[in-house]
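Student: Listed here are the chains, written in short residue letters.
10 protein chains.
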Amino acid sequence: MLYLVRMDVRLPHDMPPAQAEEIKSREKAYSQELQRAGKWQQLHRVVGEYANYSVFDVDSHDELHTMLSALPLFPYMTMQVTPLAHHPSSIR
Amino acid sequence: MLYLVRMDVRLPHDMPPAQAEEIKSREKAYSQELQRAGKWQQLHRVVGEYANYSVFDVDSHDELHTMLSALPLFPYMTMQVTPLAHHPSSIR
Amino acid sequence: MLYLVRMDVRLPHDMPPAQAEEIKSREKAYSQELQRAGKWQQLHRVVGEYANYSVFDVDSHDELHTMLSALPLFPYMTMQVTPLAHHPSSIR
Amino acid sequence: MLYLVRMDVRLPHDMPPAQAEEIKSREKAYSQELQRAGKWQQLHRVVGEYANYSVFDVDSHDELHTMLSALPLFPYMTMQVTPLAHHPSSIR
Amino acid sequence: MLYLVRMDVRLPHDMPPAQAEEIKSREKAYSQELQRAGKWQQLHRVVGEYANYSVFDVDSHDELHTMLSALPLFPYMTMQVTPLAHHPSSIR
Amino acid sequence: MLYLVRMDVRLPHDMPPAQAEEIKSREKAYSQELQRAGKWQQLHRVVGEYANYSVFDVDSHDELHTMLSALPLFPYMTMQVTPLAHHPSSIR
Amino acid sequence: MLYLVRMDVRLPHDMPPAQAEEIKSREKAYSQELQRAGKWQQLHRVVGEYANYSVFDVDSHDELHTMLSALPLFPYMTMQVTPLAHHPSSIR
Amino acid sequence: MLYLVRMDVRLPHDMPPAQAEEIKSREKAYSQELQRAGKWQQLHRVVGEYANYSVFDVDSHDELHTMLSALPLFPYMTMQVTPLAHHPSSIR
Amino acid sequence: MLYLVRMDVRLPHDMPPAQAEEIKSREKAYSQELQRAGKWQQLHRVVGEYANYSVFDVDSHDELHTMLSALPLFPYMTMQVTPLAHHPSSIR
Amino acid sequence: MLYLVRMDVRLPHDMPPAQAEEIKSREKAYSQELQRAGKWQQLHRVVGEYANYSVFDVDSHDELHTMLSALPLFPYMTMQVTPLAHHPSSIR
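Chains as they are written, first to last, in the UniProt record's numbering: chain A, 1 to 92; chain B, 1 to 92; chain C, 1 to 92; chain D, 1 to 92; chain E, 1 to 92; chain F, 1 to 92; chain G, 1 to 92; chain H, 1 to 92; chain I, 1 to 92; chain J, 1 to 92.
In short, the hints are calculated from the structure, not lab data.
Errors might be hidden in some of the hints.
[Stated by the list, open to error] In silico BS3-like links for lysine-lysine, alpha-carbon gap of 30 Å or less:
1) E:Lys24 with G:Lys24
2) E:Lys39 with D:Lys39
3) E:Lys24 with E:Lys39
4) A:Lys24 with J:Lys24
5) H:Lys39 with H:Lys28
Build the full structure now, drawing on both the sequences and the hints.
Tutor: In structure tokens, the structure reads:
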């Protein structure tokens with residue numbers, strides 16, 4: 001099942017740069033692991049914003065929430081989740 | 001270049017059903033032609049809404065606007081277009 | 001899997017009363033059929049509004065969208081769908 | 001009488017982790033006590049958000065406000081409360 | 001129990017004046033009956049708008065919704081209902 | 001002349017509890033003084049929120065602003081002020 | 001007492017031009033009468049919009065509402081009314 | 001002096017196509033006349049919308065409003081006007 | 001040329017009172033200088049808010065921005081600027 | 001290809017002035033370099049706001065995002081990016 005997720009990141013301005021880098025580095029590793037597993041199917045940067053639009057393919061709401069809330073950046077993000085259904089005009 | 005497009009459809013309640021069906025039928029044919037051409041890469045229904053999220057892959061803003069404004073449902077839709085850039089954590 | 005759905009109904013003022021009644025009557029029958037099937041688990045009126053909050057329990061986004069878009073009032077409603085996950089403090 | 005409540009939690013980033021854990025632990029205990037008492041009938045996580053949708057069944061506005069404002073996380077939450085009435089199509 | 005209700009009226013421009021007058025006249029009678037019964041405690045015009053802020057004192061959500069949805073102007077109004085609790089600084 | 005005022009309070013999380021209590025205590029005393037003087041006619045808690053809806057009866061905009069801006073919590077509140085006029089259906 | 005009022009006009013597209021002209025002509029006459037009486041102190045067009053910002057100087061909310069609701073364009077306008085108080089830095 | 005103007009067009013669905021074409025044709029001629037006169041300096045289509053972003057260079061608010069309100073499509077457009085000042089980092 | 005400006009002030013809660021007073025004192029002096037020069041024609045307090053509505057009469061966008069950005073409170077304010085044109089019904 | 005970008009700057013109030021000046025100075029140099037290269041075609045101050053409207057002319061979404069995210073003020077700005085297409089009435 002597919003979900004469109006928009007994530008907006010806002011790091012506190014007083015976070016030490018080394019801490020920020022460490023969090024982003026873990027985020028990247030975890031994100032790529034989920035991409036390689038076929039769960040995080042798409043990941044696009046929104047132009048001009050510290051934000052992304054992603055598409056996830058998972059088996060349940062619980063699986064998705066478990067994944068998202070485990071993101072190292074989760075405490076610094078706001079997310080909007082939109083469930084996607086099959087479109088009758090889609091050729092896929 | 002990728003664009004995320006959200007389309008919301010609102011047909012006038014007094015449109016004759018035959019006219020609505022004819023427009024939707026042309027919309028579907030045109031949409032599938034663009035999908036087969038690789039321009040309209042994804043097309044998903046938003047659950048519970050007469051709306052879709054789509055991803056287009058085109059060479060320019062002008063090419064995208066020409067396509068979108070040629071949709072038979074265009075006069076009855078509102079659209080939000082978001083340009084998407086490469087994300088540094090994407091494995092693609 | 002659970003989804004919270006808010007539905008707001010807006011019937012055109014010039015719809016003949018008999019037509020409105022016929023649509024509402026079919027809506028009620030279909031809604032009760034889904035409730036009895038355990039799919040539409042809760043249905044509450046929002047006080048002061050021609051709107052409801054509902055909880056659906058279905059197996060997939062596609063199943064939910066198929067149900068919702070088959071509602072006789074669907075062309076006259078706007079919907080907001082929120083996927084719900086297990087809460088770690090829930091005792092259920 | 002039923003109320004739908006949406007709660008969004010935002011903890012200050014500089015709250016010491018031990019303090020946060022202590023508050024969440026008391027929140028969980030209190031929440032489960034209210035669930036077992038039949039007051040807090042449902043508690044669902046909103047997917048991708050540090051938020052929940054809940055249904056309360058209480059005798060009065062005052063009883064609900066007293067309960068909600070006693071939540072250990074109350075100072076860190078925003079809430080939206082929607083009173084729910086019987087829906088004429090509900091089979092319950 | 002008290003509820004603050006804001007009501008905004010929007011009559012269709014093509015409603016015949018006689019019909020509008022008849023509806024408003026029934027609305028006024030019904031409203032005054034509820035005021036005399038102590039249910040509709042306050043009724044104030046919002047300056048510059050075809051809208052009012054009202055306070056209702058009823059025993060349950062169901063009682064309030066039944067009253068509000070019986071208003072002759074109900075199909076032409078949008079409403080926002082806010083449950084009110086006792087304030088600890090109130091001297092009443 | 002009547003005004004509906006909605007007040008939302010947001011105290012900084014790092015305010016020392018003793019200071020917060022001292023401000024709230026002065027707020028309560030001042031609020032009750034205005035209530036007893038017949039200026040602050042109603043004061044209701046919004047269920048689930050650190051907010052209130054109030055009705056003031058004063059002689060002028062200046063009198064109201066002088067009162068409101070003298071509230072000990074004023075620097076920590078946002079306010080929305082709505083002037084109320086006589087409603088033609090009101091029986092008062 | 002001063003009030004800032006923003007008025008946005010929206011005439012139905014199917015209103016016969018002669019009727020629109022007649023309403024606007026009465027609106028202008030009435031507006032100028034109130035301006036000459038010192039009640040409608042300022043009247044400015046919002047650039048690019050069929051809207052105005054106005055300042056009224058009246059003795060009470062009721063007087064203002066009576067005036068505004070008597071405007072020939074009132075049924076086709078939305079209004080926002082903001083009460084204005086003396087500013088401590090004003091030299092007037 | 002420069003102004004950024006966003007214009008959104010919404011033609012009534014029941015406007016006869018010939019009338020729509022005639023209005024658009026006059027709009028285009030008038031727009032190009034203003035462009036050639038150096039008043040309407042830029043005119044860009046918003047991708048996916050029946051809308052444009054424009055930059056006007058005129059001597060006063062009155063001159064701009066006179067121009068905009070003379071557009072044949074003016075009754076069918078909403079506009080947002082933003083005054084632009086010199087930016088200290090601009091090299092022009 | 002006239003501009004309506006709404007200014008909302010938000011001082012950081014941890015600003016030392018002496019610094020706040022010094023800024024406000026300079027703001028008042030500068031504001032009164034501009035009022036006496038006929039540039040800042042009106043200055044009104046929004047009832048219940050730390051905000052004002054003002055009318056400026058200046059020769060250009062640049063002149064206005066230079067004035068506004070020189071306000072001592074400018075770093076702590078948000079502003080909305082609306083250009084005002086002559087209204088055809090105004091008697092001035 | 002053209003993009004309209006609105007940038008709003010919000011510097012933390014506790015940033016040392018020297019640091020702020022150093023960032024703004026680098027921002028200005030970088031901005032002027034991009035202007036001279038023909039990439040940043042227009043740069044206008046929004047009157048009364050610490051914000052600008054800009055037009056960029058670049059070859060791709062990726063090129064634009066790379067530029068924008070390299071701005072020294074990027075961590076302190078919010079941006080809205082709107083892709084612009086050729087307008088059929090434009091004479092350019």
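Student: What's the verdict on E:Lys39 and D:Lys39, does the C-alpha distance respect the 30 Å limit or exceed it?
Tutor: holds (27 Å)
Student: For E:Lys24 and E:Lys39, compute the direct alpha-carbon distance and say whether it is at most 30 Å.
Tutor: At roughly 20 Å apart (the allowed maximum being 30 Å), E:Lys39 and E:Lys24 satisfy the hint.
Student: Can you confirm whether the C-alpha distance between A:Lys24 and J:Lys24 stays at or below 30 Å?
Tutor: Roughly 26 Å between the alpha carbons, so the hint for A:Lys24 and J:Lys24 holds.
Student: Take a quick look at whether H:Lys39 and H:Lys28 sit within 30 Å of each other, Cα to Cα.
Tutor: OK: H:Lys39 and H:Lys28 at ~15 Å, within 30 Å.
Student: Need the status of pair E:Lys24, G:Lys24: alpha-carbon distance at most 30 Å?
Tutor: Satisfied, since the Cα-Cα distance of roughly 26 Å is no more than 30 Å.
Taken one by one, the earlier hints all hold for this structure without exception.
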